[in-house]
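Q: Modelling step: build the complete structure from the supplied sequences, incorporating the hints.
Each chain, written out:
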Amino acid sequence: MSGAFMLIDNIPVEIQGEKNILELIRKAGIDLPTFCYYSELSVYGACRLCVVENKWGGIEASCSTVPKAGMEVHTNTPRLRKYRKMILELILANHCRDCTTCDKNGTCKLQELAMRFGIKEVRFENAKKAIPLDKSSSSIVRDESKCILCGDCVRMCDEVQNVGAIDFAYRGSEMRISTAFHKCMAESNCVGCGQCAAVCPTGAITVKNDTAKIWDELSNPEVKVVAQIAPAVRVGIGEALGQTNGTNVMGKIVAALKRIGFNEVFDTSTGADLTVLEETNEFLKRLEQGKEGPLFTSCCPAWVKYAENNYPELMGNVSTCRSPMQMFGSVLKEHYSHSNKKVVVVGVMPCTAKKAEAERDEFKEEGIPYIDYVITTQELIQMIKEAGLVFDELEQEAVDMPFGVNSGAGVIFGVTGGVTEAVIRRIADDKSINTLRALAFKGVRGMQGVKEASIPFGDKMLQIAVVSGLKNADDLIQKIKNGEKQYDFVEVMACLGGCVSGAGQPFAKGDEKAKRGQGLYDTDRMSSIKRSEENPVIMSLYSGLLKGKVHQLLHVKYAGKE
Amino acid sequence: MLSNRADLAELRKIYQKSIQTQKVKVLICAGTGCIAGGAKDIYEEFVRLMQEQGIVCSVSLEKEPHDESVGVKQSGCHGFCEMGPLVRIEPWGYLYIKVKAEDCQEIIDTTIKAGECIERLAYHKDGKVYKAQDEIPFYEKQTRLVLEHCGQIDATSLEEYVAVGGYEALEKALFEMSDEDIIREVETSNLRGRGGGGYPAGRKWAQVKGQSEPTKYVVCNGDEGDPGAFMDRSIMEGDPHRMLEGMMIAARACGAEEGYIYVRAEYPLAISRLVKAISQAKSYGLLGNNILGTNFNFDIKINKGAGAFVCGEGSALTASIEGRRGMPRVKPPRTVEQGLFEKPTVLNNVETFANVPLVILNGAQWYKTIGPENSPGTKAFALTGNIENTGLIEVPMGTTLREVIFDIGGGMRGGEGFKAVQIGGPSGGCLTKEQLDLPLDFDSLKKAGAMIGSGGLVVMDDHTCMVEVARFFMNFTQNESCGKCVPCREGTKRMLEILERIVSGEGEIEDLDKLIELADTISSTALCGLGKTAAFPVVSTIKNFREEYEAHIIDKRCPSKTCQKLKQITIDAVLCKGCTKCSRLCPVGAISGKVKETFVIDKSKCIKCGACIEACAFKAIRED
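Top to bottom, those sequences are chains A and B. If you count the first sequence from 1, you need to add 5 to reach the working numbering. If you count the second sequence from 1, you need to add 1 to reach the working numbering.
None of these hints come from the bench; they were simulated from the model. Incorrect hints may have been included.
Listed next, the in silico PhoX-like pairs over lysine-lysine satisfying Cα-Cα at most 25 Å (straight line) [to be verified]:
| hint | chain 1 | residue 1 | chain 2 | residue 2 |
| --- | --- | --- | --- | --- |
| 1 | A | K87 | B | K544 |
| 2 | B | K305 | B | K283 |
| 3 | A | K90 | B | K562 |
| 4 | A | K125 | B | K515 |
| 5 | B | K606 | B | K562 |
Restraint-style ranges between C-beta atoms, simulated for each label pair [unchecked claim]:
| hint | chain 1 | residue 1 | chain 2 | residue 2 | range |
| --- | --- | --- | --- | --- | --- |
| 6 | B | K283 | A | E318 | 36 to 44 Å |
| 7 | A | K73 | B | S179 | 27 to 35 Å |
| 8 | A | P83 | B | G415 | 47 to 55 Å |
Every residue, glycine too, gets a C-beta built ideally from N, C-alpha and C.
A: So, in structure tokens, the structure goes:
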């Protein structure tokens, strides 16, 4: 109890450290419209929709007004309604209004607000120039005719991801979002994390949609289509399909994919188990050889790209392990190498950068990729809807053999700290369940962007850092470089909170992302196999398919790496 | 290097003596306007002729001067820009106008040698000759305090500034006053920000001083961008040290050790004068560490703006200095809390800083005797438009518009009728005949729905189309909008679109309501001052000249015959002799007819260039 109150529409609301009155207004149960406010980004104050009227008739943007005791504001006065409508009308007048064919149809914030405020007519001529789409990126598509210049993407790319691939160019009504020198996205320093698309309120930046290609493959009788589902998908898909956010609906996803026509469905967690073993081996070897600097994880392709762009000198410290998707992809391709049909492997991922990863030359053999296509959680939702499947009514199914077993360690890969926890489980001397439980409280769990842990190993303490969000990663690298920090192992995930927050997932706010992470920990708790090395499938792979091919199939040398 | 107060006093004594040996002083206006008119050539011609003819002339103050010499100086703007290039000759105080290099020899022979006034070069009005500058009505009614040195001393000389009492205020602030004393004095004087906002400078300084963050900055806003405003430029060009002195005193009072001057790159002369002034101050130790032997350290850097009007807004300005995109940000935090590099920052405008030495030296009580109680001091205005005497003026706050326009400004050019005056540039409003007796101060203008702005006064006569004026300013703001917030970016664009339609005769009566609705939304919801005031010119012209809008919209007629597209050119059937000349001259073939019969203009083809009107020997072609 702070004891300080302000009046919102004549209702007293307690101020409890809120940074702005917008948060307080939302706490009071009023959904004030905004385009440019995200609590994890800086306050930009450009859309002016969140304006409120104070008791003297002054108009203030609530996102940038600090709450003070005794303050009185109104959120829905005739003036405010008039201004909001006018602002929406002005935005719409400068917007491509082909809603029915837009990727964001139904999830577009502009569409939603236009509906909410009853905008039935736009009195100004549509002056939007036709700008060609930028489809050059493997991860995202830009349609500038739908950009409302709220700047969310710019701040996300700069403040959270420290990439700065896009920024404002030109002034006034000529203002645009642009890469440096107006290069196409593919030629920019974009790492493909897709977080810009995640925060874009309209269809100006969307995730590249590859569903049409999958449908084509599925309807080709000459092709065997195989799917692998990443851990985070199972906890991110439900809400859009009538389930509770964060609940593991893996069984239903498998059933849906089968009904859609996938021939075999597997779990990327199995690939993650392989990653744990390989990465642990590499880590232990590094420790043994006393190599300088930490080992950085390599599961996240956006992080790998970021390191390649910004810290090529650190690439020697980035694990040579392929990501779980790629490890599993090459194992699957090897497994089906004698199939009489063409085998197509589809990754179902929470991630947009995975699309680009699958296209990398390092992950092709004689021009044929290990992973043929990557679709995101959102694309899978679209396919399920397109197929007319009533998700709620689907009977759960198990993933296929011979890869149908995975450990809990492999599942928690989908949340920040998961990779680290899995590796620690592998190297821990004491394998008792109590030790394992205690690990969870060593500081590796939680949605914070930077976590640190010290783990005893032999006669030394291993220093471990877990970061998510590339800005956090960059800050950490600076500290490592200037000697302020020393680590043995650093897990990096490009998206804040890890893969559960991936841009391929349906949009979620902070606490909803945490729920997804919790969903994965719940699954881990329920799995009988906790450690990757206890997974019998993995063991049989090492003695079978992988024999003599571990390096060829599970590791990678990124181009440009020493 | 001046290492203590006595050194500065000694320096002042030396150059006061030196200046006294200049029995005759030739002050050639070297402001941007007069330079464009050939002032540099005049200066060089004077020097050349005197050297050739063995007249001892000094182009800069010498430490050990000749017994007697003629000082030839490039001064700051004299203000009477309409009459430039200007040359003032002391000790007689003659002001010669529209001087040419060819006049120099005569000036030397008649004035410099014999002390006679050359009447043909003096200002004439209504048959009267005004030999001395002070007698000219343009100057007589002014109170030049901030501009006192502009036109009186060599604008490029620290020595001369010191000799006429420069840096005495700094001396007083450093040796006789505590930080609190300085702030109290400025607060008591009620010196209000001259950039337009009118926020009390002393209060701002106190807020900066009160911040716990030890690093603080002093920033001078020299990004004067209003069309028709050049007060700050003239101060920077004409008396740069005065502004630096003001900044130093602010820095001392607030505890800043670094200052920035943000000047637009379109002011190359101001920049070069400032660069020179800063380097002079550094070489004398008036900038740097342990200034005059005290513990006060202060340095000033110059930052050139790339010509964005919006960078005159505080947070856009600091962003621009930091190397970021010049876009205003939301407040809080305010500039006094987190300004430049997120440190507490005193951000004042050029004229405000130039007022500071006056306040410190003469005291707050003296300062308050000038102008009205709530807006004390003087204000510099740039007079432009359809006025007889365009130029730079300074009057006590509270002077009426009538005095400024008719007494100082000499009334309307060509004896035309007064229609309106746009005050405060694109953020201001237009004032009409009825408001001519309005005192020019912060509060009176605010009440009248206008603002003093930075001090641009654009005077308009009867032939001005107010719709076109509104369109002009809207076009300016629209071009200068940073594009950040929706109401300003999209709203001004739509307002301009509507205004452009109206001046082309395509307006509809609903457009007026639409304009007012847009104006209301933009003014109430825009993020920064530029946006909030962007619609003012439109609102005030609709309020004061609604009938002109209606004439454009309903009658498709521009009452002042300014709007090209609304012009109607017709051939008088009685006067036309059918000579075919107009038809042959028309560039678009809009005129046709048979020889010796009446010709007609095809209105759909006519581009209203007026070539036919000029060509017609019978005055048969008319424009309505």
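Q: Each hint should be assessed against the structure and marked as holding or not.
A: We went through each hint and held it up to the structure:
1. A:K87 to B:K544: Holds: K87 (chain A) and K544 (chain B) sit about 22 Å apart, inside 25 Å.
2. B:K305 to B:K283: 20 Å, holds
3. A:K90 to B:K562: Given pair K90 (chain A), K562 (chain B) is violated - Cα atoms ~38 Å apart, limit 25 Å.
4. A:K125 to B:K515: Roughly 17 Å separates the two Cα atoms, so the pair holds.
5. B:K606 to B:K562: 19 Å, holds
6. B:K283 to A:E318: 36 to 44 Å: 42 Å Cβ-Cβ, so the 36 to 44 Å window holds.
7. A:K73 to B:S179: 27 to 35 Å: 33 Å, holds
8. A:P83 to B:G415: 47 to 55 Å: Given range 47 to 55 Å: holds, Cβ gap about 50 Å.
Comparing the model with each earlier hint shows a violation of hint 3 alone; every other hint is respected.
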